[in-house]
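Chemist: Turn these sequences into a full structure, and let the hints guide you.
Residue 1 is where the sequence shown starts when you use full-length UniProt numbering, and the numbers rise one by one after that.
Hints in this document: simulated from the structure, not taken from any laboratory. Take the hints with a grain of salt, since some may be wrong.
Quick list of the computed label-pair ranges, beta carbon to beta carbon [what the hints assert, rightly or not]:
1) E36 <-> S212: 35 to 41 angstroms
2) P165 <-> R82: 22 to 28 angstroms
3) E162 <-> P242: 33 to 39 angstroms
4) K170 <-> A55: 30 to 36 angstroms
5) T173 <-> K90: 18 to 24 angstroms
6) P165 <-> P254: 23 to 29 angstroms
List of simulated lysine-lysine pairs, DSBU-like, C-alpha gap at most 30 angstroms [unchecked claim]:
7) K75 <-> K170
8) K170 <-> K61
9) K179 <-> K4
10) K68 <-> K84
11) K84 <-> K170
12) K170 <-> K225
13) K90 <-> K4
14) K61 <-> K75
15) K96 <-> K225
16) K179 <-> K233
17) K166 <-> K233
18) K233 <-> K90
19) K90 <-> K170
20) K68 <-> K170
21) K90 <-> K68
22) K179 <-> K225
23) K179 <-> K206
24) K206 <-> K90
25) K96 <-> K4
26) K84 <-> K233
27) K206 <-> K75
28) K206 <-> K225
29) K166 <-> K61
Where a beta carbon is used, it is the ideal one built from N, C-alpha and C, also for glycine.
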Amino acid sequence: MNIKIRVAYRLGNFLKQLRYAIHIGLFYNYNVIIPEHALLNTTYLVINNTITMDAQEITNKDEFFYSKRIDNVDKSAFSMNRAKVRNMIKEIFILKSSPINGSDHVVIHIRSGDLFSERRPHGAYLSPPLSYYTDIISTRSYENIYLVAEDRRNPCINRLLELYPKIVFKLQTLEDDIKLILAASNVIMSVGTFIPELLNLSDNIKSIHAPSYWQPSVIVCTVHKTDLSHYHKIMSPWRNIPEQLQTMLSYRLPPVNQVSLSK
1 MNIKIRVAYR
11 LGNFLKQLRY
21 AIHIGLFYNY
31 NVIIPEHALL
41 NTTYLVINNT
51 ITMDAQEITN
61 KDEFFYSKRI
71 DNVDKSAFSM
81 NRAKVRNMIK
91 EIFILKSSPI
101 NGSDHVVIHI
111 RSGDLFSERR
121 PHGAYLSPPL
131 SYYTDIISTR
141 SYENIYLVAE
151 DRRNPCINRL
161 LELYPKIVFK
171 LQTLEDDIKL
181 ILAASNVIMS
191 VGTFIPELLN
201 LSDNIKSIHA
211 PSYWQPSVIV
221 CTVHKTDLSH
231 YHKIMSPWRN
241 IPEQLQTMLS
251 YRLPPVNQVS
261 LSK
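Modeler: Structure follows, in structure tokens:
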């Protein structure tokens, strides 16, 4: 049989779809049919050489994005073969990256785009406040700071650039953004699947900073969680209204609010 992903979602979500589909394929000894994608070098992953592409297909209404909603699958499949799944995705992912020289650097990824341009953005995707980033930067004293974002709609972006003129930031292609992220030893993430799923493919990552309300789906290194439970309570759901945009810039964190999790 073939596990078939019919539709590829946005990149972070697609990598999650692919990861779950491969977990199922390895558990049941099935192959995986993948939608054509510019960043992958194949549309067919062969796990069982006796199965061909015209064999019976197994699909899922959520395109294998939600592991808990995949019916008739032993859920233990998703906790097995993690290293093998990771390596299989790395082999077909066309972008590679050499490490950034030295360890005294950080790459900040700030989710912007649709969360700040749509009238009804996804309510669960709450961007961290400005103080989340400034607190991490001030306590770590990184020599080199890089910022990655698809545009400048998130108000934290322009304010960070004002506060830290040495930040390296330019709007560039998705491919160049990915190469920079994969090259990083230290990353500050905001929300979404993009960073956790990409860093699952990284050979260079050492630490990730994440808001407490966002649980990375895969942990490949030390994760430093910043307690934003109060912020999450007063800001949810995300609606992209002026009051929320102002709170993002004015909210102050309590003095001690970080915990660390190891892979």
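Chemist: If you test the structure against every hint from before, which numbers come out violated?
Modeler: 2, 3, 4, 7, 8, 11, 16, 17, 18, 20, 26 and 29
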